[in-house]
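Number of protein chains: 2
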Amino acid sequence: MQYFPPALEQLVEQFAKLPGVGVKSAQRLAFYLLAQPEEEAAQFAQAILAAKKSIHCCPLCQNLTEGDGPCPICASARRDGSTICVVADPKDVAALERSREYNGLYHVLHGVISPMNHVGPDDLHIKSLVERVSGGTVSEVIMATNPDTEGETTAMYLSRLLRPFSVKITRLAYGIPVGSHLEYADDATLMRALEGRQEI
Amino acid sequence: MQYFPPALEQLVEQFAKLPGVGVKSAQRLAFYLLAQPEEEAAQFAQAILAAKKSIHCCPLCQNLTEGDGPCPICASARRDGSTICVVADPKDVAALERSREYNGLYHVLHGVISPMNHVGPDDLHIKSLVERVSGGTVSEVIMATNPDTEGETTAMYLSRLLRPFSVKITRLAYGIPVGSHLEYADDATLMRALEGRQEI
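Respectively, the protein sequence lines represent chains A and B. Residue numbers 1 to 200, in the working numbering, belong to the letters of the first sequence in order. Residue numbers 1 to 200, in the working numbering, belong to the letters of the second sequence in order.
Keep in mind that the hints are not guaranteed to be accurate.
Because identical chains share one entry, a pair is satisfied inside a single copy or across any pair of copies.
Stated by the list, open to error - The calculated lysine-lysine pairs, modelled on DSS-like cross-linking and capped at a C-alpha distance of 30 Å, are:
no.	residue 1	residue 2
1	17	53
2	127	53
3	91	168
4	127	168
5	91	127
6	91	53
7	17	168
8	24	91
9	91	17
Please keep in mind that the hints were generated in silico from the structure rather than gathered at the bench. All values derive from a computational prediction rather than experimental measurement.
If we strip away everything but chain A, and leave its shape as in the complex, we get:
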C-alpha cells in the first residue's frame, strides 16, 4: 500500500537502498529533501551524477581520482616514488594522508581477499601492483591492510607474491592505540604490543 505520492515513494525507495538506511530513515531524508529549495535538491542530484561521471581509478595507484591522468599523489614530484603503501580502500589513503607522516605513493587494492564473500586475488588490483614493483624503482612496500583476518591474509599473500622482486616488505606496527588505556586493550593487541616493544 502506498500512502505517499508515487514520486515520493520512489525517492524513499532510493534512499532505503543505501547501506544502513531503513524505511523510516529514508522517509525522513526524503521529506527533508522535499522541504529544501529547488536549487538544493538539484545540487544534490547534480553531485551524484557528477561524481559518478568524473571519478575514475588512477591508472597507477588505483586510488579514486578525477579525469584520466594519474591522481595528484602519483603526479606529485614531491612524493617519494621508491615506497608504495598498499591499502584496501580509498578511505584508508585519506586516513594515512591525515597523519601527515607518509610521503610515498599508494596502491589501492579495492578490497581484501575474502573467500567468504567470493573475493579472490583476481578481483583485486594486484596485477597492477606486481607490475609497479617489478619496474625496479620501488625499494619498499608497506602493507597497510586492516589488522583483521582478511587484511592479514591479503598482506601475507602479497608479501609472498612480491618476495621474488627483492624489495623490502613491511607491515604497519601493531600495538596499543595512542591515548587508550591498557586496561581496555584486548589480549591480542597487548600480546602484539609486547612482541613489538622497542628501546626508548
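Chain A is already provided as a structure; the job is to place chain B on it using the hints.
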C-alpha cells in the same frame, strides 16, 4: 584539507547535509553510490529531481500530492467529507491511513505552533482549515496532533479558533498503547488512561 577528488568531496558534503548523517556516514553513502552501476546512480538523481518537481500540496487538505488537482483522498467519492482530521505532518496521514479505521478527510498543518522554533499560527496551513470548516459541510474536526506540549498547544489554539463554527471538535484518545505493559507506562499516560476509562 581534501583527501578525496573534488567531485567525491562534493557528494559527501551533500549527504552530510541530510539530517542525522555525519561526515563518516556521508562518506560511506557516497562510496556506496560510486560503486553502483551508472544507471542506479542516475535513477537516484532522477528520483530527487522528479520528487521535487512533481510533488505539491493538495489545494484542499495541504497533504503532499502529485500534479495540480486535489489529492486522491480529497478526490475520492468514498471518503466521508463531513469529518476532517487535523494532523501536523504528511507522515501522520500515512500512519492514520495504515490503521484503516478512518474514512474522512485530512488537513495537514505542516508543523505545529512552536514559539521556541519561531513557528507561529501564520506559518501553518490554518487559514485554509478555517475556510474549509466555515464552508458548512464539515460536522466534526478531529485534532490528531502529537500528544506533546506543542501538539497540545496547537490543538487547543485550533479548537478555540473553530468554536464559532458550531462543529464538533474532538481529540484522539489518550491511554496506554495496545500491546504495552502497565509497568512501563509513564505517570502522565496512566493518569490520562484512568481519566478516559470507558465502560465495557
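Please list, smallest to largest, the hint numbers that this structure does not respect.
Violated hint (a single one): 7; every other hint is consistent with the structure.
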